[in-house]
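**Student:** Sequence:
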Amino acid sequence: MSSADIYRELILDYYRNPRNFGKLEKFDISAHDTNPLCGDEIEMQIRVGENSKIEEIKFSGRGCAISQASASMLTELAKGKPLEWVKLVAKEDVFKMLGDPELGPSRVKCALLGMKVLKTGVYGYLGAHYEDPEPGT
3 MSSADIYREL ILDYYRNPRN FGKLEKFDIS AHDTNPLCGD EIEMQIRVGE NSKIEEIKFS
63 GRGCAISQAS ASMLTELAKG KPLEWVKLVA KEDVFKMLGD PELGPSRVKC ALLGMKVLKT
123 GVYGYLGAHY EDPEPGT
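Residue numbers (this note's numbering): 3 to 139.
For the record, the hints were derived by calculation from the structure and aren't laboratory data.
Don't take every hint at face value.
Stated by the list, open to error - Distance windows between CB atoms, simulated:
id: 1; residue 1: M3; residue 2: D134; range: 53 to 59 Å
id: 2; residue 1: L105; residue 2: N53; range: 33 to 39 Å
id: 3; residue 1: D134; residue 2: G51; range: 21 to 27 Å
id: 4; residue 1: H131; residue 2: I8; range: 36 to 42 Å
id: 5; residue 1: P107; residue 2: L12; range: 33 to 39 Å
id: 6; residue 1: K93; residue 2: L12; range: 35 to 41 Å
id: 7; residue 1: G126; residue 2: N19; range: 25 to 31 Å
id: 8; residue 1: E86; residue 2: M3; range: 34 to 40 Å
id: 9; residue 1: E136; residue 2: R10; range: 21 to 27 Å
id: 10; residue 1: L12; residue 2: E57; range: 24 to 30 Å
id: 11; residue 1: A6; residue 2: E133; range: 45 to 51 Å
id: 12; residue 1: K89; residue 2: E57; range: 16 to 22 Å
id: 13; residue 1: L105; residue 2: E78; range: 39 to 45 Å
Keep in mind the model is a prediction, meaning the values are calculated, not measured.
By construction, the Cβ of each residue, glycine as well, lies at the ideal position given by its N, Cα and C atoms.
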């Protein structure tokens, strides 16, 4: 079995058995987005814990195996991390997580939809809770 086959199986496993799928009853962050090219849809909810860490994270949505597997993998990776960590996540990290698959332009958007939703939610939260370290300067 080649490494490409192993990652293909991994993507299918995350698609068929998504981790952290569902909705949180209590959450501090919620974000949603769609990929109009293919109809993929992802919503993420995050409960922020002590020290601004991602205490709990869930996603829901529908779409292709790549978009749903990517979102599921990201939620696993993000749990327990500080919100600031989200700023460092790059598209290359997502591709690596998926096994660096050969993706056409439309599939790239599928793979990155979860990251876009995660960043949108966290950036919105950080912006709303920003405290100027030097007020009045």
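**Student:** Honestly, which of those hints from before does the structure not fit?
**Tutor:** Hint check: 5, 6, 9 and 13 fail, others pass.
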